[in-house]
Every structure is written in C-alpha cells, then in structure tokens.
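Student: Turn these sequences into a full structure, and let the hints guide you.
Residue numbers (the working numbering), protein chains in the order written: chain C, 1 to 767; chain U, 1 to 282; chain L, 1 to 155.
Honestly, the hints are just simulated from the structure, not real lab data.
Glycine is no exception: its CB is placed at the ideal position from the N, C-alpha and C atoms.
One or more of the hints may lead you astray.
[Claimed, not checked] Simulated restraints, written as ranges between beta carbons of each label pair:
hint	chain 1	residue 1	chain 2	residue 2	range
1	C	D58	U	S12	49 to 59 Å
2	C	L705	U	G140	49 to 59 Å
3	U	N257	C	D402	24 to 34 Å
4	U	K276	L	D118	28 to 38 Å
5	C	S476	L	K79	32 to 42 Å
6	U	N257	C	D127	25 to 35 Å
7	L	N31	C	N586	50 to 60 Å
8	C	E425	U	G175	38 to 48 Å
9	L	E10	U	K276	48 to 58 Å
10	C	K679	U	K21	19 to 29 Å
11	L	G53	U	N145	29 to 39 Å
12	C	D127	U	E15	28 to 38 Å
[Unchecked claim] Not close to chain U: a few residues of chain C, all C-beta gaps over 12 Å, as computed:
hint	residue
13	T73
14	V184
15	T271
16	R341
17	N396
18	P754
[Claimed, not checked] Partner residues aside, some chain C positions facing chain L, computed with beta carbon under 10 Å:
hint	residue
19	P197
20	L562
21	D565
22	S567
23	L569
24	H570
25	I657
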Amino acid sequence: MKEDHECLGVVGSRVVRVDGLDKVLGRQQYAFDLSQPGMLHAKIFRSPYPHAKVRKIDTSKAEAMPGVKAVITFNDVPKNKYNPWLDCPHWVEPRDREVLTGHPRYVGDGIAAVAAIDENTATKALDLIRVEFEKLSAVYDVEEAVKEGAPLLHRKAENNIVGVNQSWVKGDVSEGFEEADVVVSGTYETQDIQHVPMERYGTLATYDPFSKKMTVYSTTQNAFPLMSRISHVLEFDFPIRVIAFPLGGAFGGKHELFQHDAAACLLSIKTGKPVRCFLTREESFTINKRYGAKIDLKLGAKRDGTFVACEGKLIANAGAYAINTLANMAIPFDMMLSLYRFENYKFEAIGVYTNGIPNTPFRGFGNPQGKFALEQLVDELAEELGIDRPEITIKNMIRAGDIIPWTAKKCSTTGLIECIEIGRERIGWSRRRDLSTSKGVTKRGIGMACMAHVTSCALLSEGWNESSASIIKLNSDGTVTLVTGASDNGQGIFTTLSQVVAEEFGLPMEKVIYSQKYTDTETQPWDWGNFGSRSMYMVGTSTKLACQDAKNKLLPFASVKLNSDPSALHLEFKDGNVYDKANSHNCVSFAELVHFANETSQQPGQILGFYNFVPTENPMVYAAQFVEVEVNTDTGEIRIPKFVAVHDVGKAINPTIVEGQIEGGIIQGLGQTLMEELKIDKDTGKYMSTDFLNYHVPRSTDIPLELKVIYVETLDPHGPYGAKSVGEAPMVPTLAAVANAVYNAIGVRIYELPITPERILKALDKI
Amino acid sequence: MFELDEYVKANSIDEVISIMKENKGAAKIVSGGTLIHELAGRGMLDNVKVLIDLQRLGLNYVKEEDDLIRIGAMTTHSKIHEHYKDEPRYGALAEAANLIPQIRNAATIGGCVCPGIPWLELPVALLSYDSKLVVQGTEGERLINLNEFYLDYLYTTLQPMEFLTEIRIPKPVDGTISKHISHRITTVGVPIVSVAVTVVKDAKNMCTDARIAIGSAGRVVMRAEKAEERLKGKVLEPKQLFDDVVEAVLSKIKPINDMLATETYRKHICKILVQKVLEELE
Amino acid sequence: MKITLNVNDEIHKIDIRPQDNLADVLREELNLKGTKRGCDYGGCGACTVVVDGKSVYGCATFAASAEGKKIITIEGLSKNGELHPLQRAFLDNGAYQCGFCTPGMIMTLYGSLNGRKDTSENQIKDAIRGNICRCTGYVKIIEAVLDYSKGGSRR
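Tutor: Okay, here's the thing in structure tokens:
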C-alpha cells in the first residue's frame with residue numbers, strides 16, 4: 001500500500017517516464033548497442049597471476065595474425081600513475097593505477113590490448129602474446145598483507161596500507177566505558193561483492209584522424225570527469241568528447257577511467273578507426289568490487305540506554321588498487337555519527353592493499369558494512385538492557401538541530417521517528433516475542449535496523465565540493481528545453497528533472513523537452529555524474545533555480561503583456577498560463593508570452609535561464625527497515641514473509657521512481673545479505689565466481705513474499721521541493737535488519753556475510 | 001575457442017552416423033543447444049568442429065504403449081513437464097523437468113541424459129524408473145539400461161559412433177507413486193543434491209518395490225540399492241520411521257566440496273530430502 | 001553458412017558462421033538491438049526471444065537451428081503503432097528502471113503467459129525466474145503482470 005501525499009501538480013505525481021516507451025519497445029540505445037563503420041574490436045590481455053612482473057613481452061605473433069590491426073602493451077602507453085576515480089589537484093586518494101601495467105597486482109590486471117576486425121580474432125590474438133612473468137608472492141587477507149615481510153603491492157604503501165584515518169575522536173572512550181553500565185562488543189565481517197549491472201562494462205572510442213578529435217562512448221556514470229581524466233592521463237592535446245548513453249545499471253561500479261577505456265582510446269588513435277572494447281560477463285565480475293570489511297565495534301551505555309562510548313576499528317580489503325578507498329572506508333564511521341549521538345567516541349579506519357579485485361564505490365559507499373556492525377551491536381545492547389529495540393534508537397538518534405560531526409552542520413530534517421513508528425506498526429513488532437518462541441523446524445523472528453545516509457557528496461571530501469548547473473531555454477512555441485549534464489544510470493533522472501521544469505512553469509510534461517537522450521560533455525554543462533545519491537538534490541536544485549532565473553528574465557516582458565508595474569508584479573505559472581498573482585483574471589498564455597519575449601518585443605532574444613548550484617549543506621536521509629524471517633533449522637534456508645521499509649525521502653518527486661529505488665535497493669541488499677560473494681581461490685589468486693551459475697543474484701523467486709515500501713516526506717528546506725536522496729539509502733540497513741531478524745528467530749547471532757544456509761546450520765551446531 | 005566447420009541438420013539416422021564416422025570424434029550431437037553453449041563457453045568443446053542437429057529426425061514425442069512409455073530424445077523438458085505434471089505415477093519425471101522456463105523450453109531429455117553430468121536432474125528421475133536407452137550406431141540399434149550407463153563423471157557407455165534416439169520407461173503399474181526433489185542454495189541454480197524416488201504400494205500402503213536415485217552426490221547419478229531393499233516391506237504411513245533407509249542412502253553417496261556447498265552440508269541435505277520424499281509418498 | 005530466418009513475420013536470408021547464436025545474429029546481422037546480451041552463455045535472460053511460441057535464451061540457441069521456426073523479438077511485439085498490452089502494463093506501472101533486462105523480461109512473459117490471464121503472483125515469479133533484474137527488485141514487474149492479467153492497466 002502506498003501512502004497518499006499531497007500532489008503539487010507534476011512534482012509528486014506518478015508521471016510515466018519520458019524514456020518509458022523506449023524501454024518497453026526495446027528502442028533504448030545503450031553504449032553496448034553502438035556500432036560504427038569500420039569499427040574494430042579490442043580485447044585486453046590480462047594477467048593470469050595475482051602478483052607478477054613482466055620480464056619480457058613479445059607481441060609479434062599477435063600483430064602478424066590476419067585481422068589484427070594493432071597491439072599495445074604497457075610499454076606503449078603513458079607511464080604516469082593516476083587515480084582512476086577523480087583527478088583534481090587536492091585529491092588525496094593514491095595515484096596507483098597504470099593504463100596498462102608491467103606489474104600486475106591481481107588476476108585480471110591489464111598488461112596489453114589487441115584491436116582486430118572482430119571479437120573472435122582479438123580473443124585468439126591474445127593467445128599469441130608471449131609473456132615471461134616473474135611470479136611474485138601474493139597476499140589476499142588484510143591481516144597477512146600488513147605483516148612485516150608481506151609482498152608489497154605498491155612501493156609508496158608501506159605494509160600495504162592505503163591509509164589510516166583516526167580523525168574521529170571525541171572525549172575519552174576509556175572513561176566512557178568505565179561510566180557505562182553495560183558494554184557490548186563484536187567483530188563483524190562482510191564479503192566482497194560485485195555490482196553486476198545487467199549492461200556490462202565497455203567503451204567505444206572513435207578518434208578521427210582528420211579532424212583530430214575523439215569521441216568516447218563509455219558506460220560511465222561520470223562523463224565529465226572521465227573526459228578530463230582521459231585528457232590528462234593519456235596526455236591527449238586534442239578535444240575529447242564523452243557521450244554516455246543511459247546505462248544498463250551501474251550501482252557505483254562505473255566511475256573509473258578503466259583500462260578498457262584507455263586501451264580503446266589509444267588503439268583508436270593507433271589505427272585511425274573506431275575501437276570497441278566491451279568486457280565479457282566474466283571480466284565484468286572481476287573488474288571491481290565492494291570492499292569486504294572487518295569491523296571491531298564496542299558500545300557502552302547507561303542503564304537508561306544512553307550511548308556513552310563507542311569505539312571502532314574498520315579494516316577495508318581494498319584489493320589491488322585504491323580507487324577511492326580513503327573516502328570509502330571513512331563513510332561507515334561518518335554515517336554512524338550521523339545516526340546516533342555518542343558522548344565519547346574513537347574510531348579508526350584502515351585500508352589495506354591485497355592481490356585481489358580493486359574496490360570501488362558501490363551503492364551505500366561503505367555504509368551498509370558499517371550498519372551491519374552498528375545496528376547489530378545496538379540490537380545486542382538493547383537486549384542486554386532490556387530496552388525495546390526501537391526505543392533505544394529513538395533515545396540516541398541525531399535529532400533535527402543537532403550538529404552532524406562530519407559536516408559540522410545542523411541536521412535539517414529527520415523523519416526517523418516517524419519511520420520507526422510506521423514500520424513497527426506495519427510489521428507487527430509486538431508479535432516478536434510470540435513469534436520467536438515458535439516450536440518446530442521453522443523458526444520465526446522479526447528484526448529491524450536504521451540508517452542515516454547522505455544526499456550528494458557535498459562537504460564529503462576536502463579538496464573538492466559539489467556543483468551542478470542547468471540551462472533553461474524558453475521556446476517560442478511554448479515549450480521549455482532543459483539542458484543539464486545529468487547522468488542516467490537507469491533511475492529516471494531525466495524524467496524527474498523534467499517534472500521540476502513542468503512544475504515551475506505550470507506546463508504539462510509534453511511541453512518539457514529534455515534536450516538530449518544521453519549525457520554529452522560537448523553540449524551540456526559540467527556535472528560530476530550519477531553517484532552519491534546526488535542527482536535530484538544537485539541537478540534538481542540547479543534546474544529549479546535556472547527556471548527561477550528564466551522567470552526573472554521573463555518578468556519585464558510579462559509586465560508589458562499584463563500591463564502591470566514590474567516592481568509590484570508577482571507571476572504565477574499554472575495550466576499553461578502566466579497570471580498576475582494579485583489579479584487572477586489578468587493573464588497571458590505562456591506560449592504567447594515567450595513568443596513575445598523571444599521575438600516580437602523591443603528586446604528580442606531567446607530567454608535563457610542558468611544556475612550553477614554549489615551546495616553548503618548535505619541534508620541527511622534516514623530510514624528504518626523491519627524484516628520478518630522464517631528460518632528452516634533443518635536446511636538453514638531463510639524465507640522472508642514480510643519486509644517493511646520506511647524511508648524519509650524529503651519529498652517524493654515521482655513516487656513510482658522513489659518506490660522503485662527502495663524496492664530495488666532492498667533486493668540488492670538481500671543479495672549481499674544472503675547469497676552474493678566473490679570467492680577467490682587462494683592457491684591461484686583466481687576468482688571462482690565469475691558467472692551466474694556460481695555468483696547468485698536475487699531472482700524473482702527470492703524476494704520477500706510481502707514487501708511494503710513507505711516513504712515519509714519531511715520536506716527538507718535545502719532540497720528541491722524538499723527532496724533529499726533515495727538512491728543508495730535502501731541498501732544500507734537491509735543487511736543488519738535481516739541479521740537481527742535471524743538472531744530473533746534462532747537465538748544465535750551471525751557476524752559474517754553472506755548469511756548462507758551453511759552458516760545458519762553451523763551456528764546451530766547442526767553440521 | 002569454439003569454432004565449427006559445419007552445422008548440419010541431419011535427415012536420417014544413417015546420415016548422423018556417417019557424419020560421425022567421417023569426423024572421427026570432432027562431430028557432436030546438438031539437440032536443444034543449451035548445455036552445448038555452457039560447455040562451449042567454458043572452453044570444453046574446442047575440439048568439436050561439426051554439430052549434428054537432430055531436429056529433422058522426428059524424435060520429439062511422448063508415446064504411450066501397452067507396457068511402455070517411449071520418449072524421443074529430442075523431447076523438451078517443457079513437453080515432459082506439461083505431459084506428466086498432474087500424474088502421481090510420473091511425478092519424478094514432471095518435477096525434474098520443471099527447470100527455468102527458457103531452459104525447459106529448449107533443453108531436451110536426450111541432451112541431458114547423454115553427457116554424464118551428475119547435477120542434471122532428469123537422469124535422476126529416469127534412474128528411478130528402470131529406464132532404458134535406445135541408441136543407434138554403426139552396428140545398428142541397441143538397448144542400454146540407464147542403471148549401467150554412467151561410469152564416471154562425463155563418461156558413459158555410449159560409444160563414439162553412437163547416439164541416443166529414445167528413452168523407454170516401463171509403464172508404471174497401479175500403485176506407483178513417484179517424486180523428485182532437489183535442493184538449491186538459492187531458488188535458481190545448480191542443485192546441490194537431488195533425489196528421485198519411485199515406489200509401488202499395495203492396497204495396504206505397503207511398499208512392494210522401490211527405486212531411489214540420487215544426483216549431485218557423487219561423480220555419477222546413482223541408485224541406492226541397499227536403501228531400496230530396506231524400503232521394501234515398509235508401510236508408507238505417517239508414523240513410519242525411515243532412518244535405516246536414509247542411512248543406507250548416506251552410505252552410498254560421495255558428495256564433493258565445491259563452491260556451492262561442502263560435503264558435510266550436502267550429506268546433511270541429502271538426509272533431509274530423502275526423509276521428506278519418503279514422508280510424501282503416503 | 002546461408003540460412004533463412006523468419007523474424008517478426010519477415011523473412012531474412014543471411015550468411016552466418018555455423019556456431020553463431022541467435023541473439024548475436026539478431027543483433028548484428030538483422031540490426032535488431034532490442035534483444036540484449038547480459039552474460040556469456042545462458043544465465044541472465046536478457047537475450048530471451050520467442051521461438052515457435054516458447055521463450056528461449058537467444059544466446060543459447062544456435063541461429064542455424066532456428067531456421068524454419070517462427071521467431072519473435074521485442075521489436076515484433078507492438079503492431080501498427082500500438083503497444084502490446086504487456087508493454088503497456090510495463091509502461092504504466094513503471095516496471096523498469098535501466099531497461100536493459102526489459103526486452104528479455106517482456107518476451108519471457110509473452111512466451112509464458114500466451115495471453116493467459118488470471119495468473120497468480122507465484123506463477124509470475126516462476127515464469128521470470130530465468131530473468132535477472134538488478135534494478136527493480138522485480139516488485140513492479142510483478143505488479144505490471146498482475147495488472148495485465150486483470151485485463152487492463154492500473155492507470
């Protein structure tokens with residue numbers, strides 16, 4: 001059941017997506033579908049060893065193979081190390097990646113690349129590349145990697161440490177624990193998982209030797225940053241244009257300047273032809289991952305439930321390259337402090353290199369791992385104290401007006417209490433005690449978890465801040481064109497932005513033209529990309545304010561048409577007309593007004609609106625998820641009869657889209673909780689789960705029997721129409737909510753993910 | 001890399017055999033194609049140069065005769081499932097054929113009997129029926145007991161120049177009940193254990209004959225003969241204890257540790273499945 | 001080898017390699033890009049097409065074996081500018097996000113439901129369990145099909 005909320009008009013209504021027809025007709029174009037005349041196909045030659053140095057490489061046989069047009073190796077590419085995620089002067093993340101490497105650090109690391117007339121030829125050519133490797137010892141566990149004498153992955157990283165962050169300190173935790181009446185602690189371990197977007201990773205690079213210009217069609221979430229990185233890292237002195245078609249999913253995995261992006265670009269220059277380099281599903285499983293974490297957490301509270309001290313240490317298995325490990329490993333503790341107040345705290349996060357798949361952002365950006373630990377520990381504490389679980393959260397939660405440590409700003413809105421109250425009622429929280437005493441093979445339980453998460457990357461990192469810009473064009477035919485650099489991973493941002501425009505100008509959706517069906521660095525204003533749950537807040541705000549700018553410019557023309565004094569005139573845009581707010585009978589049609597302004601007035605020229613939004617706030621979002629589980633204590637299987645998720649979204653610009661994000665995020669969360677895992681063979685360093693037979697993602701038959709998604713609108717003052725984020729939040733509390741429900745059902749707590757049937761049976765001493 | 005010289009749709013049994021002879025092991029039968037693609041994608045069919053498609057041989061049928069069921073090798077899982085889904089005597093067949101839609105619409109009974117892959121399910125069901133295989137070869141037609149067909153992982157008694165055309169099942173007598181059950185880690189995927197049981201009950205619900213077949217629990221699908229003996233003579237009623245039957249099954253199977261499940265878990269699940277199936281036979 | 005394929009009621013004479021699969025042939029030879037490739041061999045369902053009325057994995061079907069059969073792809077579902085009711089139900093219920101799995105999902109349902117109404121939620125889940133969706137969590141897809149089953153669109 002969906003709650004009814006006040007409709008503004010277009011904003012707040014279940015508008016059918018502007019790209020909906022393309023999707024259901026199979027007409028949506030993806031980078032995967034692109035093809036150009038004369039196009040070559042490229043494949044990457046990847047290291048079969050987890051850690052090695054290339055002593056000799058001979059590509060002559062591959063180059064001589066009929067159909068092969070070019071081969072490049074790590075010897076032929078720019079040597080400077082770079083950071084694949086972002087590239088700006090103050091960026092603190094390690095620059096440790098190479099375009100192609102002679103020192104592969106994980107099985108799959110790219111050493112060379114081949115371009116040929118078709119994929120088969122390129123694949124066969126890889127077998128003709130002769131490499132003499134000096135094998136080095138490899139390390140896969142973080143504990144082993146930091147020991148003296150462990151094989152070193154990067155010269156600058158002593159003991160394979162990417163970085164240590166000890167910045168979270170308040171008060172004195174030892175004193176705090178002394179004062180505490182109850183102290184609980186635990187060690188929690190989460191696994192490596194892959195994003196598994198349905199569209200794999202790839203690029204089509206087209207260098208035109210005549211105009212000396214390159215256009216790159218990439219499955220990227222960050223078209224603009226990719227453009228600048230291609231330019232800097234590959235040392236190109238000609239214009240680069242990046243076009244990113246709407247993605248077939250990303251979930252944070254498609255940020256980087258990948259080796260296949262770089263190889264496609266370089267091969268295109270070398271051959272003078274378009275070069276397509278798309279990864280197989282097997283390659284896509286091993287290109288990047290969410291880091292597995294080991295979290296030690298200790299929590300002390302007074303008898304009345306007040307949190308007096310919290311101490312924690314997180315070790316992130318960064319894999320072979322850092323990408324943005326430092327930011328990624330900091331989020332868990334930042335978000336703990338955004339959810340609860342602690343009188344004293346001390347946290348430490350450490351990122352460690354290992355010879356495995358490099359970690360990268362993934363929906364939630366470290367927060368799911370952090371909440372898996374925190375929300376289970378809080379659960380334990382509540383039980384120790386004999387305090388009702390939801391009450392302990394409400395007692396300690398960050399309230400509106402509290403300062404959030406990492407932003408140093410006040411929490412603007414929180415709907416957490418409402419989320420908890422609605423959720424506990426809908427799940428039937430009061431059934432919990434009876435449920436968990438059920439006899440028989442099937443044990444039942446209910447659990448809950450809460451979360452706080454960000455809205456955009458504002459204030460997140462020293463060295464760069466957020467910005468987004470929008471351009472509005474008012475057209476003489478009464479339509480409005482919106483131009484932004486927003487990026488679509490599949491969540492429908494072009495639609496919600498169009499809704500904002502339609503709302504602002506009182507027009508139906510058909511009158512709003514979203515200028516292009518893809519992100520284009522050449523014709524659109526800079527946008528950082530689609531990640532960090534930023535798009536609606538950032539581009540939605542710049543769009544709303546660009547509309548305002550256009551309206552301001554329209555005012556003098558309206559005053560002419562409405563025969564009013566411009567200094568006293570306030571306009572209302574509704575139903576395709578423009579009204580004098582003071583006198584609703586005085587109006588002119590929007591189309592007529594714009595036509596006048598643009599063409600026939602004394603000051604003709606198309607009305608353009610522009611706004612560049614630089615945020616000063618990062619409004620937090622909150623949620624509570626409640627899960628009922630059934631555990632078969634014979635087989636260890638878990639079924640979920642009921643799942644209730646209540647999310648504070650600020651304002652649901654499009655309820656269908658908002659619900660879709662929550663539903664999808666929860667199911668993805670169930671994937672991490674119950675079944676997904678990238679498994680490495682420690683003898684060879686190879687990953688064993690590289691197809692859908694061995695890597696399980698949730699299917700239609702795995703979802704909860706009943707999934708209730710409810711959103712709460714707190715109407716945040718900082719977001720467009722009050723909107724905050726919703727993209728990442730749904731996956732964040734799911735892991736802990738299920739783990740808590742399982743504990744309630746079987747009386748044994750599971751500290752590791754995924755919670756597989758075997759883990760359950762081992763916990764019950766059945767096997 | 002999987003690359004063919006030829007994809008041939010054979011028009012007769014003789015043509016199939018002559019192509020096989022001509023290509024000396026580089027020719028392989030293709031029926032539904034689903035498994036071939038899995039194997040080819042994993043680099044296991046790089047030596048295959050010719051595929052012989054049997055779709056023109058009219059082998060897509062389910063025929064019931066007086067004492068025999070004859071299923072053509074090209075019959076899809078879908079057809080078998082639809083045909084038998086409401087018939088308790090053929091429960092194991094129907095349930096084992098109920099794969100995910102896109103697979104069951106294409107995958108054939110012949111294509112899953114022949115490879116000798118122990119986690120495929122229809123062979124487990126067939127093994128619980130005294131099934132026989134009709135194969136054609138250079139020496140003509142011969143009949144193979146399915147119970148003697150699987151020698152080892154991917155290794156059967158099918159000779160290089162032979163191919164399967166039909167599976168024959170003795171028509172189940174009155175009082176036959178048959179069930180198949182398998183266990184997966186998630187709802188879709190390779191089963192980690194599968195069990196098929198076909199029994200004959202008399203008027204007093206006593207088991208007079210039994211076949212118990214297990215899949216994914218060793219290098220081959222197998223019968224648990226000792227368990228079958230123990231089941232015979234038991235009355236199939238709610239109070240019945242099957243511990244000795246279960247124990248006999250467990251002593252026969254040799255499950256492996258792999259990425260999906262450990263040997264311990266497989267044994268544990270096998271115990272539960274066998275118990276469950278036996279209880280459901282009442 | 002030369003084959004003739006009947007795709008969306010049109011006859012195409014094409015030249016393929018003997019090992020080519022149907023999904024790749026539809027995409028590359030016939031330029032019907034609606035059918036997608038999400039994995040390497042028969043695991044995700046993005047390539048599902050309907051052959052002789054049954055939904056199959058296009059990537060696990062030899063194009064040569066599909067000769068002489070009636071093949072329908074997502075492009076063949078709508079007629080004369082009208083969406084097929086399944087497509088209409090997906091559109092109206094927001095049963096898609098990135099859309100990459102959508103053609104395969106719709107074709108699976110087209111092949112499984114065969115116009116049949118009154119399907120239960122369990123039957124729908126069973127029908128699409130061979131199709132992976134990473135975005136929607138399947139919830140709105142199931143709602144769309146229930147909508148379609150009742151003979152109309154909710155909106």
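Student: Sort out which numbered hints this structure fails and list those numbers smallest first.
Tutor: 3, 8, 10, 18, 20, 21, 22, 23 and 24
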